Structures are given as structure tokens and as C-alpha cells.
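Visitor: With the hints as extra help, turn the sequences into a complete structure.
Number of protein chains: 2
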Amino acid sequence: MTTDETRLARAYLLRVAEPPAPEVVSLVADFGPVRAAELVRAGKAANDETAARRHLDVAARDLEEASGRQARLVIPEDDEWPAWQLLALANAAARGVPGMTEPLGLWVRSHARLDELVQEAVAVIGARAATSYGEQVAGEIAYDLAQRSVTVVSGAAYGIDGCAHRGALGANGSTVAVLACGVDVAYPAGHTDLLSRIAVDGAVVSEYPPGTRPARHRFLVRNRLIAALAAGTVVVEAGRRSGSRNTAATTSALGRPLMAVPGPVTSAMSVGCHDLLRTAGATAVCTAEDVLADAGRIGVDATTRSDEPMRSTDGLDRVMLRVHEELPSRGGFSAERIAVGSGVPLPRVRALLPELELLGLVQKCEAGWCRRQG
Amino acid sequence: MTTDETRLARAYLLRVAEPPAPEVVSLVADFGPVRAAELVRAGKAANDETAARRHLDVAARDLEEASGRQARLVIPEDDEWPAWQLLALANAAARGVPGMTEPLGLWVRSHARLDELVQEAVAVIGARAATSYGEQVAGEIAYDLAQRSVTVVSGAAYGIDGCAHRGALGANGSTVAVLACGVDVAYPAGHTDLLSRIAVDGAVVSEYPPGTRPARHRFLVRNRLIAALAAGTVVVEAGRRSGSRNTAATTSALGRPLMAVPGPVTSAMSVGCHDLLRTAGATAVCTAEDVLADAGRIGVDATTRSDEPMRSTDGLDRVMLRVHEELPSRGGFSAERIAVGSGVPLPRVRALLPELELLGLVQKCEAGWCRRQG
Numbered sequence: 001m002t003t004d005e006t007r008l009a010r011a012y013l014l015r016v017a018e019p020p021a022p023e024v025v026s027l028v029a030d031f032g033p034v035r036a037a038e039l040v041r042a043g044k045a046a047n048d049e050t051a052a053r054r055h056l057d058v059a060a061r062d063l064e065e066a067s068g069r070q071a072r073l074v075i076p077e078d079d080e081w082p083a084w085q086l087l088a089l090a091n092a093a094a095r096g097v098p099g100m101t102e103p104l105g106l107w108v109r110s111h112a113r114l115d116e117l118v119q120e121a122v123a124v125i126g127a128r129a130a131t132s133y134g135e136q137v138a139g140e141i142a143y144d145l146a147q148r149s150v151t152v153v154s155g156a157a158y159g160i161d162g163c164a165h166r167g168a169l170g171a172n173g174s175t176v177a178v179l180a181c182g183v184d185v186a187y188p189a190g191h192t193d194l195l196s197r198i199a200v201d202g203a204v205v206s207e208y209p210p211g212t213r214p215a216r217h218r219f220l221v222r223n224r225l226i227a228a229l230a231a232g233t234v235v236v237e238a239g240r241r242s243g244s245r246n247t248a249a250t251t252s253a254l255g256r257p258l259m260a261v262p263g264p265v266t267s268a269m270s271v272g273c274h275d276l277l278r279t280a281g282a283t284a285v286c287t288a289e290d291v292l293a294d295a296g297r298i299g300v301d302a303t304t305r306s307d308e309p310m311r312s313t314d315g316l317d318r319v320m321l322r323v324h325e326e327l328p329s330r331g332g333f334s335a336e337r338i339a340v341g342s343g344v345p346l347p348r349v350r351a352l353l354p355e356l357e358l359l360g361l362v363q364k365c366e367a368g369w370c371r372r373q374g
Numbered sequence: 001m002t003t004d005e006t007r008l009a010r011a012y013l014l015r016v017a018e019p020p021a022p023e024v025v026s027l028v029a030d031f032g033p034v035r036a037a038e039l040v041r042a043g044k045a046a047n048d049e050t051a052a053r054r055h056l057d058v059a060a061r062d063l064e065e066a067s068g069r070q071a072r073l074v075i076p077e078d079d080e081w082p083a084w085q086l087l088a089l090a091n092a093a094a095r096g097v098p099g100m101t102e103p104l105g106l107w108v109r110s111h112a113r114l115d116e117l118v119q120e121a122v123a124v125i126g127a128r129a130a131t132s133y134g135e136q137v138a139g140e141i142a143y144d145l146a147q148r149s150v151t152v153v154s155g156a157a158y159g160i161d162g163c164a165h166r167g168a169l170g171a172n173g174s175t176v177a178v179l180a181c182g183v184d185v186a187y188p189a190g191h192t193d194l195l196s197r198i199a200v201d202g203a204v205v206s207e208y209p210p211g212t213r214p215a216r217h218r219f220l221v222r223n224r225l226i227a228a229l230a231a232g233t234v235v236v237e238a239g240r241r242s243g244s245r246n247t248a249a250t251t252s253a254l255g256r257p258l259m260a261v262p263g264p265v266t267s268a269m270s271v272g273c274h275d276l277l278r279t280a281g282a283t284a285v286c287t288a289e290d291v292l293a294d295a296g297r298i299g300v301d302a303t304t305r306s307d308e309p310m311r312s313t314d315g316l317d318r319v320m321l322r323v324h325e326e327l328p329s330r331g332g333f334s335a336e337r338i339a340v341g342s343g344v345p346l347p348r349v350r351a352l353l354p355e356l357e358l359l360g361l362v363q364k365c366e367a368g369w370c371r372r373q374g
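Chains L and P are the protein sequences, given in the same order.
Heads up: the first sequence is residues 1 to 374, going by the UniProt record's numbering.
Heads up: the second sequence is residues 1 to 374, going by the UniProt record's numbering.
Heads up, a few of these hints could be off.
To spell it out: a stretch of chain P is covered by chain L in this simulated footprint if at least three of its residues, at any positions, have a beta carbon under 8 angstroms from a beta carbon of chain L; those stretches are [to be verified]:
no., segment
1, 129-137
2, 253-264
3, 285-291
Label pairs and their in silico Cβ distance ranges [to be verified]:
no., chain 1, residue 1, chain 2, residue 2, range
4, P, Glu289, L, Gly190, 51 to 59 angstroms
5, L, Arg241, P, Thr279, 29 to 37 angstroms
6, L, Ala293, P, Pro98, 23 to 31 angstroms
7, L, Thr266, P, Leu220, 30 to 38 angstroms
8, P, Glu325, L, Ala293, 37 to 45 angstroms
9, P, Gly190, L, Thr266, 23 to 31 angstroms
10, L, Ser149, P, Thr279, 23 to 31 angstroms
11, P, Glu116, L, Pro345, 55 to 63 angstroms
12, P, Thr279, L, Asp317, 57 to 65 angstroms
Don't read these hints as lab results, they were simulated from the structure.
All values derive from a computational prediction rather than experimental measurement.
Virtual Cβ for every residue (Gly too), placed ideally from N, Cα, C.
Guide: Take a look at the structure:
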């Protein structure tokens, strides 16, 4: 089966390329995952990103192990792939924002469809060393969001993240934990039970293969997925140098609403939030109503879009439009020719074509790429 | 002496017309204060605003009584009149904002010049029923502002206002209390000593004649002076229906920066501040540095302006420009003719001409008004 082959190829690439892996992503865009995997395996492409691990041909074992733990690999070829949400990463990458590479696939521990879980989702994040004030507010906002059928996305850390997940679960709502380690790795250890509950009532998600240990750099890489899977991000508490600042910056880079909860100006754990209000264009949110008011429009847009596949070019940004307009209606152009014609750099063209394909605007043909009619 | 006559006339008008008195202000703009006072006294003009009190011909006594209490009446004809600051009221009135009438004069208990006191000034205001958190923050911000030679303007009420004044005094700085009663009336009673200290190290200011008792409507009318005399307004704590909201709205109507101190979202006394952040375009300020960063530019502008009288029309708004452009360089036009020519309503023309005169851009001549050269 093609899908199995494709899934095996993506599982392999996720195992051998440490995200973000723009070369591999670009290779997949150009040749498809199966051929890209072959090229990587043979040491013929994306060597910088894959040389160290390309011998780890354990995709079948990874998929099997995941399956044994009620997990699966969701890939862009699946219906449940949250394409609209993740499109923001491709757009940001096309605008030249570094590190915004789309994931090659997502390992998911869940009983639900991933696209449905994040159809209306808000990220609620913050400091590990939260105060009781922050924990209370995070829990309340998450509870109230979940009661309104909004999924709470967070990072499963101690402090604010944990309270956000628990608040959503307390309302019998859905919550998604995006990890910087394998979905089968209980990290932090004290959240083992919490992660199991999240997997039952929501989803535990990661682009790292089963068994991957958390590492400092992986948290930063992971943060882009939290920002991308949610319609907006709420920072509840953050110190001056909190990791939440990174997710906040990514949220803005993706064009999503950034929100911060005010707190006492005398609290070190609110310094980061107030700084986001003053310097990062965050809006002040005190309640779930505030959050929905500020993130709502995008949530609604996303819903409309995913219900009704877009066939026009209305939603495209300028760069995407240039690429689309360069495409022929009949026959086909190579990515190189489109780059020369549109003036858009080749790597961006390579990243954008599959996105335009997902949108139903372009298609592959024998000679390369062309516009899709109707 | 002309000034004495003028001062008596304005003292009379302040006694007989309850502010805001747009008809009387317009009358003064057209005929000058002395003739305006005569017309009012004779019952020939602005009857709606003066009929009830025009018999109270006690200007000389008011001036004498004030003098006995180390107070004086500062009028627009005085060098120390804070013309630049109050110009914002005339501009707002010209834009049709209701209640923005300029004061006819200001009773001042102070050893210092009023214009110098408010050259760099910030309003720090808030709820009477403040929390200890709000009182602490108000005191600290006021202290730090005063240490940087910024005058703290407030309303002398219990709670935040009192802490703001005390904070400034604690730093041996200047502070200005704008009252909704006579400058000789100790209100609130518990602040009698505080008001005396403010009069020594700053100024107690009011447009209400000596002996006037505070009244609910006077606080709202007074608030426009707090907003106008300061380069920006900081709301430290405010409940959902706080009077500070009125001063905040006026601040924005005057085009001045509005700032709010964040607090716990769980505190009823921060609800008003967070609402200002969310819906009124207030910026979040945590420290005096934040306040200076947000109010600073206007403070600097105002300083530059008052040091160096403006001779060009650069700073004029659109309506003022239309009036100015309609004026002849030689001869003179009546206000009526300028109104017809410029399309600006006559009352606005009447209000704007004296302001343009203060700016040195126009002058009165025998036939009416003309541009001032050079």
C-alpha cells in the first residue's frame, strides 16, 4: 500500500533527521517522501542533516512500538493531518523566519482525530516555577475554555502547563500536550499519570520518534508546534527569561494572536507577561471570554476553512501568489523554472508547492507542476 | 491696571458660571473677559449659564480671601498660565468632544509658577477603595517620577490619589492636587495636612471659587483638568465603575497617552485597569521608567514647545489649519466671516481664534482677526 510505504518513509526520515530539518523537508517537497527516504538512505541528499543517523533504518519497528502504546504516526497524507494549522509554519518559513520548518509527521497518542482536536484550540502556557496565582488563573482559564469546547494546547511541563492541562480535563474537555521527547517517554516523571489521562481525553503529540529523550534544544523546536497547532497563545506567567517567550515570539511570527495574563507588577513571575504586553503586542486577557474574543476570529476562520476546502487563491500570501501565478494551466514546470519565473527563491518554491497542492490549487504532473483546474 | 480688571472679570465669571460654561467661554473669546463680564452682569449674554448667580458680584472679595490663604487666581493673560497643556481642551472641544471647555482661570495655592510645575507632569490616579497593592505601587511610581523631576498630578482623594501625592512629597518632588472644591476647602477632611504640604511643595489647583463645596458633578468636571495638566495619565487601580474611567476617557479624548498598571486578574480593584488595557488603548506600565517611556515623548514635546514659542502652523490640527488659512494677512475678518469661509462652525471658530492668538499665529485688529506675520 502506498500509504504504508509513505508512512514508513516519513517514520524513517523523522528518525534520522533531527528537526527542524529544512533540507529534508525540501527534499520531500521535491521528490515525495518515499523517494526522499531512498535518497537519504543512500547518502545522496540532505547529508548535513542525516549523515549521523541515516543508518537507523528502524521505521517499521518505530511504527510497531508506537502501536503497542496506543500511538500512531500521523502524516500530511492523512485526512487527520492538521494542514491548515501547520500551513502557518510553511508561510512563516517562506517569509524567511528561521526554524519554522513543518514537521515531517507527528507521533500521536490519542483516540481522537488530530485535526478535529485542534480545530478550535488555544495554547495556554507559562513558567514551570509558577506562583499559586498563576496556577489558579491557568487552571480557571483552561477549565472555562474546555467548557466552551475549545481544546487547550500546552507543553506538559510542571507549573502553568500542568495546570492548563488539568483545568481542561477537569471540565471533561480536550487537551493536547506537545512534547519535546517521544510520546512514550514520561517527562516530566511526575506527570506520567497526567500524560496518560491527556492521551485518553485528548492527545499527546510529538515529532520525535518513540524513545527520544528530552533535550534543551528540543523544547525550543517543540514550541513552534504548540504555537502552530493553536489559534492563539496565552502566556499566564513568565519570568524575565522564560522559555514561554520563545513560544510567544513564534506565535507572533506565525501571525497568530498573542495574549498575556496580567499579574501583580511586584511579582517576578509576571514580569515576562507584562513585557509581552509592553513590547510584543500581546493583548491582556483576564478570562476565557477575553481569550475567545482575541483568538476567536482566527478560530472561526480556521473552522470555516477546514469545513469547506478553499479553491480560490484568496487566502494566499504574496509569495504564494507569485508562485501560483507562475504555474502553467497545461503541461508542467519544474520548481527551478518556477523559481526563475517568479523570482521566488528555489527553496521557498519547493516548500510552497506542496502547500499549494494541499490547498487544491496546484498538482503534480509528468513535466512538473501545474495549476489545478476548478 | 488692565490685568487687575481682567482678573476681576474672570474671578466674577468663575463665580457666576458653573464650569463647564461653553457659552461664557465663547463670550470671553469674542469680547474679552472684561466686556464679557459686563454683558453677563447686565443679563445680556450667556443667560442659561449665569442667570442663577450673575448677581454674585464678589470678585474683589474672592481675590482678597484667596490672598489671605496664600492663594491666587491664575488667568490666561498671565505668563504662568499653562497654555500649552490646556490647549488640548480647546482642540478637543473644537473636534466636538463635549465638556472639554477650557477653564476661565485657575485658583492656585502654591509658591511656584503653575506653568513650570506642569511642564513635565504625569497624572497618577485611581480608586479611593484601593488595595494595599495599589497603594504601594502608586506610591512607588510617584516617588520614582518625582525623583526624576516629574510632577505628579492627582485628585487628592483617599486611596491611590493620596498615595501618589505622598509618594512625590516623599521624594522631595513636586505634586499638584486638582480639587473639585475651593482651594481653601479641606476635602477630604482627612487630607487637610496633606493638602497644606502639597501647597508648600507643589500646588493645590481648582477652577472653583474659594469656599465652593465639592459635589458629585464637580469631580467629573474637575477630571478634565487633571488629564489636561498632565502629559499622560496612569490609572493604578480602578474598579469596574471607577471615576478614574472618566479621567481615562478624557485623557484619550485629549490625545494624551493613557496608561494602566496591571494587577491580579483576581482583584476587583484591577478590573478597571485591565479593561482600559483591553478596550481603551491603555498601555501597561509597571514602573516609573515605563511611564516615562510611554508619556515621555509628549512631555519632551511640551517642554520644547513652551521653551520655544511656535511660529509655524506645524502643530495645528486640521480644523485649526482651516481657520488659520481663512484669515487675511492684512485687514481683518470677523469670526462669522471666517466661519462661513472655512466651513468651520462659528462656535469652534470663536474658540480657536484665541488659541491661535496664544500661539502667536493670529492677532486681533480693528476689523476683526488677521494672520500675524513672522
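Visitor: Against this structure, judge whether each hint is valid.
Guide: For each hint, the structure was consulted:
no., hint, verdict
1, 129-137, "holds (count 3)"
2, 253-264, "holds (count 4)"
3, 285-291, "holds (count 4)"
4, P/Glu289 x L/Gly190: 51 to 59 angstroms, "violated, 39 angstroms"
5, L/Arg241 x P/Thr279: 29 to 37 angstroms, "holds, 31 angstroms"
6, L/Ala293 x P/Pro98: 23 to 31 angstroms, "holds, 29 angstroms"
7, L/Thr266 x P/Leu220: 30 to 38 angstroms, "holds, 32 angstroms"
8, P/Glu325 x L/Ala293: 37 to 45 angstroms, "holds, 44 angstroms"
9, P/Gly190 x L/Thr266: 23 to 31 angstroms, "holds, 26 angstroms"
10, L/Ser149 x P/Thr279: 23 to 31 angstroms, "holds, 26 angstroms"
11, P/Glu116 x L/Pro345: 55 to 63 angstroms, "holds, 60 angstroms"
12, P/Thr279 x L/Asp317: 57 to 65 angstroms, "violated, 30 angstroms"
Consistency with the previously given hints fails for numbers 4, 12, ordered from lowest to highest.
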